[in-house]
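A.B. asks: If you read the protein sequences in the order shown, they are chains A and B. Position 107 of the first sequence, counting from 1, maps to 107 under the working numbering, and the rest follow consecutively. Position 98 of the second sequence, counting from 1, maps to 661 under the working numbering, and the rest follow consecutively.
Since the hints were derived computationally from the structure, they do not count as laboratory data. We put the beta carbon where it would ideally sit given N, CA and C, even for glycine.
With the Cβ distance kept under 10 Å, some of the chain B side facing chain A (calculated, not the full set):
1. D578
2. D581
3. I586
4. Y600
5. G629
6. P659
7. P680
Residues of chain B placed beyond 12 Å of chain A at every Cβ, according to the derived structure:
8. S565
9. N566
10. R569
11. G595
12. Q616
13. R645
14. G646
15. I651
16. A664
17. A668
18. M669
19. E673
20. L691
21. R695
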Amino acid sequence: MNSKPTVPEHLAPEAEIKDWENKEVASFLAKQKEKKEQFYTFGGFPVKRVYTPLDLKGRAADDIGLPGRYPFTRGPYPTMYRSRTWTMRQIAGFGTGEDTNKRFKYLIEQGQTGLSTDFDMPTLMGYDSDHPMSEGEVGREGVAIDTLADMEALLDGIDLEKISVSLTINPSAWILLAMYIAAAQKRGCDMNKLSGTIQADILKEYMAQKEYVFPIAPSVRIVRDCITYCAKHMKRYNPINVSGYHISEAGSSPVHEVAFTMCNLITYVEEVTKTGMDVDEFAPRLAFFFVCQADFFEEIAKFRAARRVYAKIMRERFGARNPESMRLRFHCQTAAATLTKPQYKINIVRTAIQALAAVLGGAQSLHTNGMDEAFSIPTEEAMKISLRTQQIIAEETHVTDVVDPVGGSYYVEHLTNEYERKVFEIIDEVEKNGGTIKLIEEGWFQRHIADFAYEQALNKQSGDKPVIGVNMFHEPDEVPDLETHPHDPTVERRQIEKLQRIRRERDNKKVNALLDELVAVVKDDQQNIMPVTIELVRAGASMGDIIERLKTVWGTYREVPVF
Amino acid sequence: MSNNIRVLLAKVGLDGHDRGVKIVARCLRDAGMDVVYTGLHRSPEEVVAAAVQEDVDVLAVSILSGAHMTVFPKIIAGLKARGVDDMILMGGGVMPDEDVAALKAMGVHEILLQDTPPNKIIETIERLVADRGER
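Between the sequences and the hints, there should be enough to build the whole structure, so can you do that?
C.D. replies: Encoded structure:
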């Protein structure tokens, strides 16, 4: 072959692109048009045909940098998965503590490396299992925990110094943390060896997931108390998981997911530093939780940008000096809202692709959804396949051999920059308009979330957003052939009997005295709510006892809905 | 009073999933219906009282917590106790197919699950109201 180069070598890059557009692209388009006039990411960022070094012009090379070094774009650790695979952490929870404990042990046997707990709605909302509001919900969507005895059953036979336990709970989180601490102390564990995470991110509840009990100010104070308590007594424990996941699942765009999460982070850090605690004393244990949606490269860019934004916030805004205070570590879950009921088995494929993006984006911990989760909570079989999906990525694909393998991609780097720019722009807008808490009360975040959710619903209807099995390749005669997770109708009765037996057998005088002490503690803003709560759960107080008493002090929160 | 179809959208129990109900609220409003949304965490009694007070054509309950087999019988009993026999009761959310059949047998007029396109929701309500006829 003796073909002449079509591009003269003296052309400058800008001119070369123009030349290419006028020649190769134009002649190709003349034969076949592109599918759309303009392409966009799932999150709405316009996307060009191709990216080149020109798209990164004017950016400091330092912004990409190296893994384990400020601004941590490429990863929180210098060696990432070459040293340690992410934690495979499938969430589980149903029935009683005993029931979920069996699932935990099954997952550990299958090679899972961390635990994550889903609680039932009453536990999440601070109601005991025998409260009238709990009827029909006990042990259904998660495990029912009323007292320390339930927590002990949940964690039975699990080595708490070796396996990290994540508790996915918010308004009542500090009570569960107290139960976890009391259970570990009873076993004689070293508090500084316990590792795990309590979600305890209350602000995103008001924005998105809508599990709240108390008004915003006392709820944020509880979060503050969890953070300061753990910083002093549990060096390896993550006292908060600042979460974008639920913001996204409630319908927000990915860029709002990150921006709103950072708004919440800023509020918590401000609250803790007001107590006089130095940012470097607690920031190394702050942890995050993001979703991984279906737009593969956008999600990778999102994670990389989140790390850079966080590093800059912590160093420049809060004056952190310890690099560990600036490195963002996150748990990731694939996007439950992308799962479909029709042709449910293809959810395995969706989840695998999302999980791969999470790994290329540098997640520290990962939950992959079960194929049957559009029907009910997952079966053992569904969870095993999800776990195997992670194991295939970790062991068979070699994507873990190189840190940040997409780093340097013109497209991904450009989108990372765009994400960073837009996230800071949204944070500025929030601050100009009065700050996170004020805007939650005004429904500002909620409106943004609802707007994007509505737009997506219309796009699915029109087919602009293809969903295989739903608006494309739909099979109208499909008969699903799956067995779903059965709900055990005896759970509610068993749980209530246990709770009422504990109430009868405990020293009620002691519980009442401690509840009075709790009220005194919460009325004094300088005190920490954790020590008295640990005493309470040890004495057999139920979650409902504690929450109901505090409602008499703080009242409850009710949102003004926006749609 | 206008001739618009009147709909009360409700969330009952502890379930906080409100993405779907808000989408439905907006699409019904955009279709010209009068929409009232109760907000979260209502009891069945509160929902029935609100539906009667607002004198709606349709009471639509969104539920994704799995408590539908507890909630709907209470709403049906509440409507009966108040002597309401011409209100259309609908459900939406995530529910097993066998429960959908059981709920319809109990007297729920229609249940529309996840991924139902907005236009189908609008058409279903318009059809049910037309079938019911003038009140």
